[in-house]
Amino acid sequence: MSVQDLTAGTGGGRGRMGLLEAVGITKRFAGIVALDSVDLDVAHGEMVGLIGPNGAGKTTFFNCLLGMVRPDAGTVRLDGVDISGLPDYQRARMGIGRTFQRLELFGGTTVRDHFLVTERRRNGSGSLWKDLLGRSAPSAEESERVDRMIDLLNLHAEADEPVESLSLGRGRLVELGRALMSQPKLLLLDEPSSGLDVKETAALAERLRTVQAEHEFAVLLVEHDVEMVQSLVTRLYVLDFGTMIAAGPTEDVLGDTAVRKAYLGDL
Amino acid sequence: MDQVIQWVIEGAPVGCVYALVAVGLVLTYKTSGVFNLAFSAQAFAAGAVFYEIVANQDQPLWFGFVIAVFVFGPLFGLLLDRALFRYMRTASWQVKLVTALGLLISLPEIVKFFFGQQPGLAPPSVAPLFGVDAFKVFDIGGYVVSADRMATVVVTLVAVVLLGLMFRYTAVGLQMRAVVESPRMVELAGVDSDRVSMVSWMLSSVFASLAGILLAPLYFELNGNLYTLLIVAAIAAAAVGRFSSIPLTLVGGLLMGIGERGLPDVIGVTSDFAQDLRPSFPFLLLFVLLVFWPKLRESRAVTDPLAGVDPPPPSMAHEYKDAALQRASKIMFAVFIGVFLLVMVTIVSPLWVTRITDALALAVVFLSITIFTGLGGQISLAQATFAGFGGFAMANFATDLDVPVLLAAVIGAVIAAACGALFVLLIDGLPAAIGRLRGRAVGRLSGLYLSLATLAFALMAERVIFRREEISNGEFGIDVKRPDFVTGDDFLHHDRKWFLVVFAIFAIVGFAVILIRKGTTGRYLAALRGSETAAASIGINATSLRITMFALSAGVAGLGGALIGISQGKVEPVATYPALFGVVWVVLVVTLGSRTVDGAVNAALGFIVFQWLLEALGFPPTIAVIGFGLGAITYARHPEGIVEFQTRKSILRTVRQGALATRAKELAAAGTLPEGFRPARYVVLPVLAGPLGYLLYVLGRSAIQGHWVTVHSGTLLLFIVPSLVFLLGWIVLSDHRFRRLGGVQRGPLLLAAGGGAGALMGLLFASRDWVPHAGLLECLLVGVPAGIAGVAFILLPVHVQMIARRRGWLTSPITWHDGRAPLGFVLIGTYLFFRTGVEPGVSDASPIDHGFPPAGWPVFFVVSLFVIVWIQWVTAVQSAANELAVGGESYEPPAERVATSVRAESPAGAPA
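Same order as they appear, the protein sequences are chains A and B. The numbering used here puts the first residue of the first sequence at 1, with every later residue one more than the last. The numbering used here puts the first residue of the second sequence at 1001, with every later residue one more than the last.
For the record, the hints were derived by calculation from the structure and aren't laboratory data. Any given hint could turn out to be false.
Straight-line Cα separation of at most 27 Å, DSS-like style, residue types lysine-lysine; simulated pairs [what the hints assert, rightly or not]:
hint	chain 1	residue 1	chain 2	residue 2
1	B	1518	B	1330
2	B	1518	A	130
3	B	1665	B	1570
4	B	1330	A	130
5	B	1665	B	1649
6	B	1481	B	1497
According to the in silico footprint, chain B covers these stretches of chain A (three or more CB under 8 Å from chain B) [as the list claims (entries may be wrong)]:
hint	stretch
7	149-157
8	177-184
For every residue, glycine included, the Cβ atom is placed at its ideal position computed from N, Cα and C.
With the hints as extra help, turn the sequences into a complete structure.
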């Protein structure tokens, strides 16, 4: 079954409005083609997976979506708006949140600080003048939202600890919480289960499902853990050596022989 | 073409010297991650050793050469590696940089301390080593070259060829080459990188020493300042090699030398600008390379892969306070400020008011470092320069345009802030814009490279901008008057009025910094410090935040610089804002604490008071710089700063003692309080009574007589001896108790030995009549207790440690580390006693004596510090003894007394 066949058979997502549309994303690093005209789209509230062997270009693709790497060709649209020329922080403000494969936490600050600074950034109420007038203390509403996120992710025990003292699993939760605090329309998760054990992974997937059901944001998940992918996403893309080799409903794609060969290691 | 050859011939020798230092830089940077800015200082030291041996001691040239290059050089490198940088392998770039900066500023002063302040004239050339007279002139194809210049080139070539051979044919050379390529790969291959780094330190120190010897004859003098400039040239040369390629670094060094020589001819020698520009060529090149060569900034600093496993940094000290302590310290703070202001406007002498005012103006500049380093997480070496922008702008506006001087200071601050913002645009914006045109993203300049860029910028500004007539009135400087409302002594002395103005400005800026730290901007900066990518992922605009941070910091520095100018009544291009002050200041502030306003204040007061203290005690004030520089070594252990560390320690101790007191009260109520329990105040008060009584006696008599009085040593002894006897008794008794609990069994012997040693010292000093104003009795009275106390300071904590270990406690309430400071003070105190005698330097002769503090203040100052450190130690030991008494197997710290954040460092009395 070819890529076209799978896509044609796709039902999920087509019915809903498009949120993210990436068309023809191409990126070369010193002659190596990391991404070769990759297309991908995600609808509002949809959970989509992106899998592929290590080095397939998944993280590069994420970085292209967010503007942390500039693609050599291709456009990225969010809600119909072309965001290809925008810098990373503006894309984030437009509603793309992300987590990182290697933890990227704000060292030296607490879990609560992480959520608070994101909330402050999202509501845009902070300014240097307010700082100088001493009016930058967290408002009741901000504190409440932060507390709610701590509740949601069950981070009470470590809410006031510096993040360096957290385990990897808890750190991933903090990253997830930080991304959620910015109320993204689209959440990019970069291998959230790497470094977690089976139980932790299951718990993370469970939590993610609950939160997503409540807030209805879209998710683009890069993940190696096939079980987690299966349990979460409805649609799946497969990237190999910078090329999209398959796309379609999860079960179909996972059943595809080419995918099994390239990624799952079947002969 | 002829001209180019001329440049090559004239520039190559200096270029060779640059290349030698640069090769050393690259070697150590790649093998140990330390960017050793102190190589120039090492070069200076080797040059001085060589000069001393050959020129002053008239020893043979070869002997001096061998000692300076092949003995002194490697030994010094070995010392730095083994004693210092080896322990910093896993430290952050800030720690490595600050330590290197500390050496950069202190080493030349140490050298001058030993070899004298004057530059050495007519330094010997190495040409005679080749059997040629140094003044012989060679004719090469029509070009004239002197022998010492030839020798410089030849020695460099030989050194480089030897290095190449070593790299090619020896095992360690191969390993070093590999480490330079990829340190991690080499470790994975099982090579001991510790040894490789040691060899490279020794080797690069040989290169630096060689450079030091070769450089002096080229400038016809041995002068520390020349060597400081040498390092920037070497950095620029290393930058040409992207801090990793040794052949390219050599090329870079030669290019530097030749370019420096050729530049004035290219621009036209007659232009003033070219004259100013020529010595700043290295800074210019370094700056341009760092800013416009994207590949350079993308070559990541050497990072330790295990850096992430370091324990988390401690929270800010004030977060450890419980509610009661917070209330108490707020009240204490208000009372302290009130008393301070009252004392300053009433009894402190105008001289000291001026000094403290200077310190406060400086503290404003230091707050800019709090912003840049404490909040921004970066290290700027250009804060003195931004202060200069503010100062010169203020002076020009005030004198040329008749703007009121305080308004001019504000304008100066705004201009400095604008310069700060422009600086970011230059180092980030411009490369980014060029990058965009060429279709590639360019990262922001940060970390070590940002620091180097600020250093280059600062040195360049000092030469090219500050010396311009239009800006600073040339070398004359610009006179500045204080504002009109502080002149005249109508209701208050004019210095006191000006002090109040500066204090108010400092207070406003200090509060602003605290508000920014606690506010949104502080939170954003903390996020940016933690992770730039993650900060962008939540929508933080790093570029605008960085512009804000640079502008704020530069603005505050500019305001402080303007205040310094107004305080001193004059702004001068070289004396008021020397670029190297920027380095000293940063080292001082980060050592004491860059995250808090306290740190800035302490650094400023330290900077001013310490210098006066040394002068009053008869030391050269340059020792202060040595102290500040070497103090930077503590930064590796306490990156949060000494002040912050000590504050945290004392807060934790107070919280812990509070917990202990509550526990004791409960036990007492139950009637089960153990025998040995003595509240610490039972010991502290009698010990304090003597010094306090003496102080009150002197103050009282002075008040009655209307001037400071001399108090006879007999009276002093009358007050001090009872306290001393009590203290010694307590020490012996504590030793006895601790021994019974299973401490050091040889305690009494050790104490007696200490006392005996002290007595011998006293006898020796008295018999030689080395101590002015004191006889045998006094010498013994100081020597014996000092000896006993000196031993006790370490012994009693060791007792506690041993007992705690026996009981299986995880940590001891007090460790021998706590004894180091009091021991140091005993040594200093005894030394000062032997130097000045028992009379605290009080006399009726000086008119200053009618003011405050009196002429004898240094002794009082040191003694008070001594008493404070002493009392802290006594309290700590008595509390530890109480903890041992109350503790035992059943003791658990009452949790509710301990603030939540203290959990990590809660009282350790709990059994394992």
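Hints, verified against the model:
At most 27 Å may separate the alpha-carbon atoms for a hinted pair to count; residue 1518(B) and residue 1330(B) meet this at roughly 17 Å. For the hint linking residue 1518(B) to residue 130(A), the alpha-carbon distance of about 11 Å falls within 27 Å, and the restraint holds. For the proposed pair residue 1665(B) and residue 1570(B), the alpha carbon gap of about 62 Å is over 27 Å, so the pair is violated. A distance of roughly 24 Å separates the Cα atoms of residue 1330(B) and residue 130(A); the hinted pair therefore holds under the 27 Å criterion.
About 24 Å separates the Cα atoms of residue 1665(B) and residue 1649(B), which keeps this hinted pair within 27 Å; it holds. With a CA separation close to 14 Å, the supplied pair residue 1481(B) and residue 1497(B) stays within the 27 Å bound. Closer than 8 Å: that is the beta-carbon criterion, and the stretch 149-157 of chain A has 0 residues meeting it against chain B, so the requirement of 3 is violated. Counting residues of the stretch 177-184 of chain A whose CB lies closer than 8 Å to any CB of chain B gives 4, so the stated coverage by that chain holds, three being the minimum.
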